[in-house]
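Asks: If you want the building blocks of each chain, they are given just below.
There are 2 protein chains.
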Amino acid sequence: MSAVAIGVDAGGTFVKLAAVSISGRFIKEAQVPSLPRLGPAAFVARVAREVRSWNLRPSALGLALAGDVDSDKGTLRFTPNLKGWGGFPYRAAFTRALGVRAVVENDANAAVWGAYRRLQLRSSRVVGVTLGTGVGGGLIVEGKLYRGATGSAGEVGHTVVEPGGRLCHCGARGCLEAYCGSYGILNTARELIKRPSPGLKRLCPDIAELSPAILSAAAHAGDKGARAVWERTGTWLGRGLVNLILTLNPEVVLLLGGVSRAGELLSKPVRRVLDAQPFKTPFKKLAVRLTADPTAGCLGAALLALEARG
Amino acid sequence: MSAVAIGVDAGGTFVKLAAVSISGRFIKEAQVPSLPRLGPAAFVARVAREVRSWNLRPSALGLALAGDVDSDKGTLRFTPNLKGWGGFPYRAAFTRALGVRAVVENDANAAVWGAYRRLQLRSSRVVGVTLGTGVGGGLIVEGKLYRGATGSAGEVGHTVVEPGGRLCHCGARGCLEAYCGSYGILNTARELIKRPSPGLKRLCPDIAELSPAILSAAAHAGDKGARAVWERTGTWLGRGLVNLILTLNPEVVLLLGGVSRAGELLSKPVRRVLDAQPFKTPFKKLAVRLTADPTAGCLGAALLALEARG
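Chains as they are written, first to last, in our numbering: chain C, 19 to 328; chain S, 19 to 328.
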């Protein structure tokens, strides 16, 4: 039996693919467009075509999808970001197309598991938060990925940090995602930066094109408005993390995803919030680590597929 | 070897004691005053005297204490409610006094474990919240009590439900405890009931003597002010539970402690908040159970002592 699995990480724009060995080595990598409008069957066909062209003999495939995944059925119950992709039998379709055992996992779970394995963390209790367009999470409990009763554990993006606050993509108000997802950060920028500085305008002539990456560059260049945006974002993130840490008492908090590239702009206000807690013990030895590893989701999906019982 | 353990649940006023068999049967029960001002050494001596008078041969003792317990060292790192009891070597003192193996556990952890075992819940993922003067919590993950990195897991009373809100006993603002602990509920009553109704006055002639139990009785008798207090309390509790449920995705939420005697006054607004969540999956099959079992802490402490590796 070949010990290679295919990891598939389907985002809103691109699908990342990799053939991964049991040790986590990438044997082959590719990217294909997601084209979500063409629907899930076309997506499966496109991925299968690419994988077949690799001429490998994978034993399993792991698919990471954004949304409420039903791992038992290998389908997606609900997703705000991939319209029309709910209900499709992904597991069965991939097994049919490629003749492999397939597992379907929430994308944040896959990314946190991939990062946990790649960093070879020795801590057995880790809270991972993925900061992208949305905010997701994955929990490592006693060295294993913890999925909860319905596979919905770690939905930290929809824990509330501002009751009655901003409307989130999920339909609730005040969710962490509405402040720390990339769209939340841009909303904060719109609130705080009424008149862009000349420096910010140079970096971003059309303010409609503003992004977390540009806000990072501007803040590093000393732009006050951009700095204030990160300060506020980190404070909200810290608030969300306080609740998670008091609940789960992890050794490590992992911040993943594109937004984590902001680095200290984000981690400093986070640390300030954590260090200000009067109940010190769970915060004292806690490490906050950032890793924007873009292939963690692929790696995690492949490893979870290899590790799953056939 | 005798399969009997002593469970000791030390509250601010009374210490509950029981001799418990491995099956969870209570062989002997007693209550002694806590007299916290006399300090922890006098407390250990008082409990040991009572236990010796039982003429049993316990193999272990489990002590449940309110606060931040260091189970490895068998001591208490920090406690807001038992002044002067921090730092004392409880485990060593009980072992010396009674010649038994001893374990020290957070009181909410012990109560949740005791209730979980007594109710013989088949769910392996349970979030327990103890509603007393303070608000604590205990997490059952894959059928085991989950303690976290420093034994501080499940500190749900200090997760924040109202950022910048009421000052909590812990020193932070907006904690769940500041709204749903008994002192929080009385503060809500003071805010909402400016002029007590004749009915409430009959139940409680001196308004300084108001308690959650009286507020329950008044609400059951139809008092509007008391009903509004429970409505608000349940809404805050629901908010705290939403964050816990999105994080841990349990099958059951257990509400324990004296305040849970309010029953539907509390569980109805809680259920309303949970049912209003747009992200439905983790809430759909979730059971919310109330059990004001006053000996759950004793039972849990004893069972944890019996189950601990000698």
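Be a bit skeptical, because a hint or two may be false.
For identical chains, the list gives no copy identity; a pair is met inside one copy or between any two copies.
[Claimed, not checked] DSSO-like mimics (lysine-lysine), calculated; alpha carbons at most 27 angstroms apart, straight line: (1) Lys286 to Lys46; (2) Lys91 to Lys303; (3) Lys286 to Lys242; (4) Lys298 to Lys101; (5) Lys302 to Lys162; (6) Lys162 to Lys219; (7) Lys303 to Lys162; (8) Lys302 to Lys101; (9) Lys303 to Lys242; (10) Lys298 to Lys219; (11) Lys46 to Lys298; (12) Lys298 to Lys212; (13) Lys101 to Lys286; (14) Lys101 to Lys46; (15) Lys91 to Lys242; (16) Lys101 to Lys303; (17) Lys46 to Lys303; (18) Lys302 to Lys212; (19) Lys162 to Lys101; (20) Lys162 to Lys242.
Bear in mind the hints are in silico, worked out from the structure with no lab data behind them.
Asks: Please work out whether the CA atoms of lysine 101 and lysine 286 approach to 27 angstroms or closer within one copy, between two copies, in both situations, or in neither?
Replies: Close neither inside one copy (36 angstroms) nor across copies (34 angstroms); limit 27 angstroms.
Asks: Indicate which option fits the pair lysine 302, lysine 212 if close means a Cα-Cα distance not exceeding 27 angstroms: within, between, both or neither.
Replies: Answer is neither: 38 angstroms inside a copy and 43 angstroms across each miss the 27 angstroms cutoff.
Asks: If the cutoff is 27 angstroms on CA atoms, where do lysine 298 and lysine 101 land: within, between, both or neither? Let me know, please.
Replies: between (43 angstroms within a copy, 17 angstroms between copies)
Asks: State whether the alpha carbon distance between lysine 298 and lysine 212 is at most 27 angstroms within one copy, between copies, both, or neither.
Replies: neither (38 angstroms within a copy, 37 angstroms between copies)
Asks: Is it within, between, both or neither when you check lysine 286 against lysine 242 at 27 angstroms Cα-Cα?
Replies: within (16 angstroms within a copy, 47 angstroms between copies)
Asks: 27 angstroms Cα cut-off: does lysine 162 pair with lysine 101 within a copy, between copies, both or neither?
Replies: Cα proximity of lysine 162 and lysine 101: none, with 31 angstroms in one copy and 39 angstroms across.
Asks: Have a look at lysine 302 and lysine 162 and pick one of within, between, both or neither, based on CA distance no larger than 27 angstroms.
Replies: For lysine 302 and lysine 162, the Cα distance is within 27 angstroms both inside one copy (24 angstroms) and across copies (25 angstroms).
Asks: Within a copy, between copies, both or neither: where do lysine 91 and lysine 303 come within 27 angstroms Cα-Cα?
Replies: between (40 angstroms within a copy, 17 angstroms between copies)
Asks: For the identical chains here, do lysine 302 and lysine 101 meet the 27 angstroms Cα criterion within one copy, between copies, both, or neither?
Replies: between (43 angstroms within a copy, 22 angstroms between copies)
Asks: Is it within, between, both, or neither for lysine 303 and lysine 242, if the alpha carbons may be no more than 27 angstroms apart?
Replies: Intra 32 angstroms, inter 48 angstroms, cutoff 27 angstroms: neither.
Asks: When no copy is named, should lysine 101 and lysine 303 be tagged within, between, both, or neither for a Cα gap of at most 27 angstroms?
Replies: between (42 angstroms within a copy, 25 angstroms between copies)
Asks: Using 27 angstroms as the alpha carbon limit, work out where lysine 91 and lysine 242 are close: within a copy, between copies, both or neither.
Replies: Result: close neither inside a copy nor across copies, 49 angstroms intra and 48 angstroms inter.
Hints 1, 6, 9, 10, 11, 12, 13, 14, 15, 17, 18, 19 and 20 from the earlier list are contradicted by this structure; the remaining hints agree with it.
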